Each structure stands twice: as C-alpha cells, then as structure tokens.
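Participant: Go by the hints and put chain L onto chain U.
The residues making up each chain are set out below.
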Amino acid sequence: MARGDAEFTEFAAAGFHRLRRAAFLLTGNEQQAEDAAQAALVKTYAAWRRVRRQDPYAYARKVMVNHLKDQWRRPLREDAHDQVPDRPTGRDVAGDVTDQRWLLAGLTALADRERAVVVLRHYFDLSEKEVAAELGVAVGTVKSLNSRALTKLRVTLTPSDFAANGAA
Amino acid sequence: MTDLDTFRAALQQPDEGRPPALDEIMTAGRRLRRRRLALVAGAATVLVAATMALWPLTSRSEPVGGAWPAAAVDARGSWGQPVATGLRSKDREIVVTAFRNNNPAYPDIKFGVRACAADVAGELAPCHNQFDDVAPDRSPGFHAIGLPSNLDYYDLPMYGYYVGPAAKITVESRGRLVTAKTAVWSEDENIVLFWFTFDDVYQKVDKNSPLYKEGKVTPGQLPDVSDWTAYDADGKELPVGKPFVIG
Numbered sequence: 001m002a003r004g005d006a007e008f009t010e011f012a013a014a015g016f017h018r019l020r021r022a023a024f025l026l027t028g029n030e031q032q033a034e035d036a037a038q039a040a041l042v043k044t045y046a047a048w049r050r051v052r053r054q055d056p057y058a059y060a061r062k063v064m065v066n067h068l069k070d071q072w073r074r075p076l077r078e079d080a081h082d083q084v085p086d087r088p089t090g091r092d093v094a095g096d097v098t099d100q101r102w103l104l105a106g107l108t109a110l111a112d113r114e115r116a117v118v119v120l121r122h123y124f125d126l127s128e129k130e131v132a133a134e135l136g137v138a139v140g141t142v143k144s145l146n147s148r149a150l151t152k153l154r155v156t157l158t159p160s161d162f163a164a165n166g167a168a
Numbered sequence: 001m002t003d004l005d006t007f008r009a010a011l012q013q014p015d016e017g018r019p020p021a022l023d024e025i026m027t028a029g030r031r032l033r034r035r036r037l038a039l040v041a042g043a044a045t046v047l048v049a050a051t052m053a054l055w056p057l058t059s060r061s062e063p064v065g066g067a068w069p070a071a072a073v074d075a076r077g078s079w080g081q082p083v084a085t086g087l088r089s090k091d092r093e094i095v096v097t098a099f100r101n102n103n104p105a106y107p108d109i110k111f112g113v114r115a116c117a118a119d120v121a122g123e124l125a126p127c128h129n130q131f132d133d134v135a136p137d138r139s140p141g142f143h144a145i146g147l148p149s150n151l152d153y154y155d156l157p158m159y160g161y162y163v164g165p166a167a168k169i170t171v172e173s174r175g176r177l178v179t180a181k182t183a184v185w186s187e188d189e190n191i192v193l194f195w196f197t198f199d200d201v202y203q204k205v206d207k208n209s210p211l212y213k214e215g216k217v218t219p220g221q222l223p224d225v226s227d228w229t230a231y232d233a234d235g236k237e238l239p240v241g242k243p244f245v246i247g
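Residue numbers (the UniProt record's numbering), protein chains in the order written: chain U, 1 to 168; chain L, 1 to 247.
Keep in mind that the hints were calculated from the coordinates and are not lab data. For clarity, every value in this text was computed on a predicted model and none was experimentally measured. Virtual Cβ for every residue (Gly too), placed ideally from N, Cα, C. Among the hints, a few may not be true.
[Said to hold, decoys possible] Here are the simulated SDA-like pairs of lysine to any residue, each with C-alpha atoms no more than 20 Å apart in a straight line:
(1) U:K152 to L:A9
(2) U:K129 to L:D152
(3) L:K168 to L:G86
[As the list claims (entries may be wrong)] Okay, the calculated bits of chain U under chain L, using three or more residues with CB under 8 Å as the criterion:
(4) 6-13
(5) 17-26
(6) 39-45
(7) 99-107
Isolated chain U, as found in the complex (with noise of 0.2 Å):
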C-alpha cells in the first residue's frame, strides 16, 4: 500500500464514525448518515494529494456538510415548530436511548441552518466565525441562527455560556 493511501486508511478509520455521527445529528436519518459520511470520504481520498498537509478532517467536514446542504429543498424555516418537548429530568444523560430520542426530536423541529449551525457550534466546537465561513454566512447571521435555536431546543445559558457565544 503507497504511503499516502496508509495515511488515507488511518485517517479516514479514526474520523468517520464522528462525521457519521454529525452526520446524523444533520439528518436524524441514519441511511444518510451513512452516505454523507462515505461521499465526504470520497471526495477527501480524491483530493488527499492536496489536502493531507493542510487539514484533512476540516476538509471531510466541509465536504460532508456541502453535501447535506446541497440537498436542503428550502431556506430558513422561521415558523419551524416551537413544541419541543422537555427533555427527561432525573437521568444520565450518557447513554441514555431516552435523552437522545428527545436530542433528535429537537433537531427535527430546528430549520435545516439552525440545525447546521448547532451541529458545527456545539459537536465541532467552531468558532462563530469558522461557522458563518463554513456556510457562508455572516457572522451575526450564525449568533441569530444558534440562540433562536437553543431557545427552541429549551436550551439554558448560563453567563458564561453567553460570553461565549458571543451575545453582548
């Protein structure tokens, strides 16, 4: 095996079950998961001459959201649905199948950039800025997109939170 497809077959083993999973959290269908994470992986081995010395996983991303993108049949859904339902008290949430029933039924009822925008926000851990790059969006237009949708998630922020977020 050349040496680059080594360094492919580690990268793409160590990285794929994360871009499956945001992946997932994009889609909340696990079919397409699947195929979003594999095309971006496709795309990333095709380039892989140019892109392993910069950031190859930064590039499988943004191929990977490109792709669910591309497939997005409307804009910003400003009546999208306010009824989340309120997460479960009294339970761990690691591993919990209940939690994560109530984390996709609040994805659901997000506008497909809401829900980008939490993905890339709060499962990458971007920055505002890398955000509003990675969609092409202004960066005031990614701070109203992530508080309408936490809001909408029932999502508190404690002072901090909002610090870091970036809310004045």
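Facilitator: Same frame as chain U, now just chain L:
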C-alpha cells in the same frame, strides 16, 4: 430545560455503527480523481478551441440570459430549461433554473428555484435550492431570494424569481442601486428568474481569513439589500409581494 453542557454531552454520544467501507471509498475516490483529471484536460481543450473560434468576436459583449444548451446539460432534479447567467465560478458556468417541490407539507408551493455550477460535461452540481413559504409560489411579487453564497467551493450569486411581467428588477445593495439580469422561465412566461452579478451584489471578502488563503471558501460579510423594485416594459412599478431574503 437543559443546560448547555448537558446538551453538548448529548450531542457527543459516540457513533457505534459499522466501520467505513474503505475499499469502496478508495475505489470511488480513485474514479472521481480520474474523472476530475479527465475533465480538467477536456476543459483545457474546449477552452483553446473556443478561444480560437471566437477570437475575432471577443470584443462583443457576452450573452446574458441565454438558454443553456439543452443537449449539453444533465438537468436531473431541475424543472424547465436551465438558463446560463454568464457568470463563472472557477471552472464552472453558473446557471439558474427551477425544481419541483413535492413536499406535502407545503401544498401551495409547487416549485422552487436553484442556482447551479455546471461543469464542462453539463452536469449541474453543486446546486443551491430554495423555495418560498412566505407566500403562495405564484402570487405576484418577489419570491425565494437567496444572498450570494459559496457552495462546495463555488460562488453562487444572489438569485430568486418574480411572478409578473417584470422587465427590470432593481435593488439597493451597499448603498448602490443595481439592476438584476432576468430571463423568463421556460415553463411559465409569467415567472421571471433573476440574478445579480458578483460585481453588483457581493460578499466583502475577508482576505485575512486563513480559509481565504487556503482557497477553500470565500469567507466574508454578506451585503444588506433593500428597496426591491420591479418594473414592467413601460417602466411602471409592479407589486413587490413579500420579498423574503434568505441570509
């Protein structure tokens, strides 16, 4: 209610699915790489041939709003004749067209519009799709307006559609009144597809961004747009409808 840390922890649950099908991924990746190389070679050939053929005519203005050659385009997912905008992004031509919307949740929205980057083989990809849910899709006025965007590393213009006999469409962007390019949709002469050039409505590129230096995306500040106006052939103002700009 949920605090942010708990929410983030829920997001971070590990993926427990099967491992990646590496053989399939690498085979498909090699095929894609070969196809891209073939397209680049083909594009260079076409460019040289076109330059030689058009050399005496290069002083004439580029056609705007011409129909994209139907035989050359793979318009899967599109509805109607794609329209060449005259805009280019990197190695691709930007076209605008429409698509059918079959989402039962929006029974009065039968179609939306899309801007696509067309490669030399005529394949439309990537495409940015949008439709309007602010008003019924064929109600008079502006619909489904999207700001300039960057998709899969291709720049796409601000575009949308107007319902009515619009001969001229203007908007104020960054303090300047600019006029859209227009084309009547092949499937309904009462619907006008419009788009703006990258010179007229544009993102302010942040050249200090590392992303810009890597050539990966075009990061920047989106423009404010206002004063949407449409005129008929006699210069009379037409209904604005409910312009809804997707930011």
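Participant: Does each hint fit the structure? Answer for all of them.
Facilitator: Quick rundown of the hints versus the structure:
Proximity of K152 (chain U) to A9 (chain L) is assessed by CA-CA distance (about 18 Å); at most 20 Å being required, the pair is judged to hold. For the hint linking K129 (chain U) to D152 (chain L), the alpha-carbon distance of about 18 Å falls within 20 Å, and the restraint holds. For the given pair, K168 (chain L) sits about 18 Å from G86 (chain L) by alpha-carbon distance, which is consistent with the 20 Å threshold. Against chain L, the stretch 6-13 of chain U contributes 4 residues with a C-beta closer than 8 Å to a partner C-beta. That satisfies the three-residue criterion, and the hint holds.
With 6 residues having a beta carbon nearer than 8 Å to a beta carbon of chain L, the stretch 17-26 of chain U meets the requirement of three or more and the stated coverage holds. Under the rule that three or more residues need a Cβ within less than 8 Å of chain L, the assignment of the stretch 39-45 of chain U holds, with 5 such residues. Here the stretch 99-107 of chain U counts 4 residues with a CB under 8 Å from a CB of chain L, which clears the bar of 3, and the coverage holds.
The structure fails none of the hints (numbered hints given earlier).
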